[in-house]
Structures are given as structure tokens and as C-alpha cells.
Amino acid sequence: MHAALQMALINLNHPAHYLGIGPFQVSVGNLIVILSMFVILALAIFIPFPDGKDN
Amino acid sequence: MSSSQKNWTARLRKSTLESMEPQDLLPDTQPAYVASWIYVFGVLTLASLIMLIATGLVLTLEGPAWWHGSSVGHFWNSMHLWSVELFFVFMVVHLWGKFWMAAWRGKRTATWVTGVIAFMASIVTALTGYLIQTNFDSQWIATEAKDGFNAMGIGAFFNTLNTGQAILLHVALLPLAVGIIVVWHILLVRRKGVVPPIDNDATLEGGAF
Numbered sequence: 003m004h005a006a007l008q009m010a011l012i013n014l015n016h017p018a019h020y021l022g023i024g025p026f027q028v029s030v031g032n033l034i035v036i037l038s039m040f041v042i043l044a045l046a047i048f049i050p051f052p053d054g055k056d057n
Numbered sequence: 091m092s093s094s095q096k097n098w099t100a101r102l103r104k105s106t107l108e109s110m111e112p113q114d115l116l117p118d119t120q121p122a123y124v125a126s127w128i129y130v131f132g133v134l135t136l137a138s139l140i141m142l143i144a145t146g147l148v149l150t151l152e153g154p155a156w157w158h159g160s161s162v163g164h165f166w167n168s169m170h171l172w173s174v175e176l177f178f179v180f181m182v183v184h185l186w187g188k189f190w191m192a193a194w195r196g197k198r199t200a201t202w203v204t205g206v207i208a209f210m211a212s213i214v215t216a217l218t219g220y221l222i223q224t225n226f227d228s229q230w231i232a233t234e235a236k237d238g239f240n241a242m243g244i245g246a247f248f249n250t251l252n253t254g255q256a257i258l259l260h261v262a263l264l265p266l267a268v269g270i271i272v273v274w275h276i277l278l279v280r281r282k283g284v285v286p287p288i289d290n291d292a293t294l295e296g297g298a299f
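Heads up: the protein sequence lines correspond to chains G and C, in order.
3 is the number of the first residue of the first sequence in my numbering; add one for each residue after it.
91 is the number of the first residue of the second sequence in my numbering; add one for each residue after it.
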């Protein structure tokens, strides 16, 4: 039970997976973080801010 | 000018009050264009930095054997890790947002430049953090980064294999530098005001408002 609670939702206990095109190489984890930042930027621009009041 | 007004404390007080009024330093309202999620990422970065410093201070109390070997140490180690992950995510989104709105407009060059310096200083601080994990990851990073710093010609001053130097840089000099630059950056933001959108140049140089 205790060991089960300590298990990560996604098993990270293995060497990182890498993607590469020519000399460019990036780990899947870092690529997910970078793509997430693009998504966050787009959401921050397009999602309306609540309770916007004109000053 | 009387003799008491010539001393440096009087001059500093006068110049401080002239350059920044209390209502600019702690405003209770903001222009309408600030009501957008893209304007939130600066303060999110600042909140992450506060969490970073707080969790880092906890880690200094017990040291590596604690953060590697106990569940409580793991918790604070993870808090420090996720604080820095969020710190950089928020800072990069803040950077992108400010870049695309050309946030250096309206005599805000110093604000932009201090932000750039804070970003670069944060990267060096993060590197020294990775160097002092005291695990195989930090050994790998130290031996790889050593060649990079030697190639830049600064290996004699900053030896990534010197864990003692990396610890002192990470817990003393670099946080102090990042902290001072960030405070300077925030004071400039408060002094010049939040940059308006590009199609709202009428308010470009209006101070805080």
C-alpha cells in the first residue's frame, strides 16, 4: 500500500526518451515542457480575463 | 540648499521621492488593458521565485543526506525542483508576451534590459543548482559543462567540478544577484507603469497610468 502510494502516476524510472533530427536532439520531457509553454501563451492571450473593469 | 540637505541621505531621500511616489509603488488600480491573462505571468514568476527562496532555505538547514534519504527531505527537494520548473515556464511566457508587445516602448529600455539580465542570471543560478544535487546527474552535468566553460575561456574562474564553489555560488552570490536585479526590475515597472498594448500608444509614457 505504502509502495503503491509512492509510485508516480507516470513511470519515470527509466532513461529519458530522445527525439532527434540531424544535429538537433531533445528529450521527450523537455519537448513536452516547451510545447506546454506555447499552449499556455496561446491560452493567456485568448482566454478572457474575469471581472475586467474599465478604468 | 541648507547644510542638512547636502548630505547623501537627504539627497537620496529627495531623489527617491521624486522618482517614485508611494501610489506608484503600491497601486490599488491598474489600466483596463492589464485585465488580460498575459499580464499575470510577471507576478507568477515572482511568486515562484519566493517559493524557490523559501524552499531553498529549508534545504540549507539539513543538507544533501537529508534531501536524498528522507521522505521529508524528498518533499522539500521536490518543492524546490517544481518551483524552479514553474519559475522558468512563467518567466519564458512572460518574456514571450513582453517581446511581442515590444515592452521596451515608452522609455522602458532599462526595464527590458534588467529583465534580460535577470533571465541570464537565473540560468546560471539554475546550472549551479543542478551541479550541487550530489547525485549522478550533477556529476554528468559538471563534467559536460566543464568543457563548455573551458571553451568559453572562463574555466579558470568557474570550475564546474568544484562542488564547494558551486554551492557557495548557488546559495549566496547568485541568489543575491538575482534578487537585486528582480527588485530593480520591479521598481522600474512600477516607476514607468505597465506597458500598454501596441495599439494603445496614447498611454505610452503616462507613468504608472
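One should not assume that every hint holds.
To be verified - Here are the simulated SDA-like cross-link-like pairs (lysine to any residue), alpha carbons at most 20 Å apart as the crow flies:
id: 1; chain 1: C; residue 1: Lys188; chain 2: G; residue 2: Gly31
id: 2; chain 1: C; residue 1: Lys282; chain 2: C; residue 2: Glu152
id: 3; chain 1: C; residue 1: Lys188; chain 2: G; residue 2: Gln27
id: 4; chain 1: C; residue 1: Lys188; chain 2: G; residue 2: Ile47
id: 5; chain 1: C; residue 1: Lys188; chain 2: G; residue 2: Leu14
id: 6; chain 1: C; residue 1: Lys188; chain 2: G; residue 2: Leu11
id: 7; chain 1: C; residue 1: Lys188; chain 2: G; residue 2: Ile36
id: 8; chain 1: C; residue 1: Lys188; chain 2: G; residue 2: Asn15
id: 9; chain 1: C; residue 1: Lys188; chain 2: C; residue 2: Ser168
id: 10; chain 1: C; residue 1: Lys104; chain 2: C; residue 2: Gln120
id: 11; chain 1: C; residue 1: Lys188; chain 2: G; residue 2: Ile23
id: 12; chain 1: C; residue 1: Lys282; chain 2: C; residue 2: Leu266
What the hints assert, rightly or not - Here are the simulated distance ranges between beta carbons:
id: 13; chain 1: C; residue 1: Val133; chain 2: G; residue 2: Pro25; range: 32 to 40 Å
id: 14; chain 1: C; residue 1: Leu134; chain 2: G; residue 2: His19; range: 23 to 31 Å
id: 15; chain 1: C; residue 1: Asp289; chain 2: G; residue 2: His19; range: 37 to 45 Å
id: 16; chain 1: C; residue 1: Asp289; chain 2: G; residue 2: Leu45; range: 38 to 46 Å
id: 17; chain 1: G; residue 1: Ile34; chain 2: C; residue 2: Phe226; range: 20 to 28 Å
id: 18; chain 1: G; residue 1: Pro25; chain 2: C; residue 2: Phe189; range: 22 to 30 Å
id: 19; chain 1: G; residue 1: Pro25; chain 2: C; residue 2: Arg103; range: 32 to 40 Å
id: 20; chain 1: C; residue 1: Phe226; chain 2: G; residue 2: Asp53; range: 47 to 55 Å
id: 21; chain 1: G; residue 1: Asn15; chain 2: C; residue 2: Gly243; range: 34 to 42 Å
id: 22; chain 1: C; residue 1: Met110; chain 2: G; residue 2: Ile23; range: 45 to 53 Å
To be verified - A partial selection of chain G residues facing chain C, derived with a Cβ cut-off under 10 Å:
id: 23; residue: Leu11
id: 24; residue: Leu14
id: 25; residue: Ser38
id: 26; residue: Leu45
These are computed hints drawn from the structure, not numbers from a lab.
Every residue, glycine too, gets a C-beta built ideally from N, C-alpha and C.
Right, here's what the structure says about each hint:
no., hint, verdict
1, C:Lys188 with G:Gly31, "26 Å, violated"
2, C:Lys282 with C:Glu152, "42 Å, violated"
3, C:Lys188 with G:Gln27, "28 Å, violated"
4, C:Lys188 with G:Ile47, "12 Å, holds"
5, C:Lys188 with G:Leu14, "35 Å, violated"
6, C:Lys188 with G:Leu11, "35 Å, violated"
7, C:Lys188 with G:Ile36, "18 Å, holds"
8, C:Lys188 with G:Asn15, "38 Å, violated"
9, C:Lys188 with C:Ser168, "30 Å, violated"
10, C:Lys104 with C:Gln120, "26 Å, violated"
11, C:Lys188 with G:Ile23, "30 Å, violated"
12, C:Lys282 with C:Leu266, "24 Å, violated"
13, C:Val133 with G:Pro25: 32 to 40 Å, "38 Å, holds"
14, C:Leu134 with G:His19: 23 to 31 Å, "29 Å, holds"
15, C:Asp289 with G:His19: 37 to 45 Å, "44 Å, holds"
16, C:Asp289 with G:Leu45: 38 to 46 Å, "22 Å, violated"
17, G:Ile34 with C:Phe226: 20 to 28 Å, "23 Å, holds"
18, G:Pro25 with C:Phe189: 22 to 30 Å, "26 Å, holds"
19, G:Pro25 with C:Arg103: 32 to 40 Å, "57 Å, violated"
20, C:Phe226 with G:Asp53: 47 to 55 Å, "49 Å, holds"
21, G:Asn15 with C:Gly243: 34 to 42 Å, "39 Å, holds"
22, C:Met110 with G:Ile23: 45 to 53 Å, "50 Å, holds"
23, Leu11, "14 Å, violated"
24, Leu14, "12 Å, violated"
25, Ser38, "7 Å, holds"
26, Leu45, "7 Å, holds"
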